[in-house]
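Visitor: Sequence:
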Amino acid sequence: KMPQYSLPRIEDIISSLSGSVMFSIIDLESAYHQMPLKESCKHLTTIATPFGLYQYNRLPFGLASAPILWQKAIDQILSRVKGTRCFLDDIVVFGKSIKE
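Under the UniProt record's numbering, the residue at position 64 of the sequence shown is numbered 64, and the numbers go up by one with no gaps.
Keep in mind that the hints were calculated from the coordinates and are not lab data. No incorrect hints appear here.
In the DSS-like style, the derived pairs of lysine-lysine whose C-alpha atoms are separated by at most 30 Å in a straight line are:
hint, residue 1, residue 2
1, Lys1, Lys72
2, Lys96, Lys82
3, Lys72, Lys82
4, Lys38, Lys72
5, Lys82, Lys99
6, Lys1, Lys42
7, Lys1, Lys38
8, Lys72, Lys42
9, Lys99, Lys72
10, Lys72, Lys96
All chains, please: the whole structure from these sequences, using the hints.
Guide: This is how it looks when you write it as structure tokens:
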């Protein structure tokens, strides 16, 4: 079953930057692979090779639900950090001054 969660709209992210003068962009490398899979979900990622069956231990790229699972997790993490917005593996940190 696909998780129910909406990706943020780019227009909403850009709108939230209004009035800010300081920006930093962070592009998370292999972001999905930073997220461990629950033991109960690993069987869903099984692949067959000539050398045997293998399962992912981390969230793989290409999984239909990966963007939603990642976005929900990163939104929860960043919800307590003022001046941050995230779209998948890209985070913008912003403020109205360097002190902010």
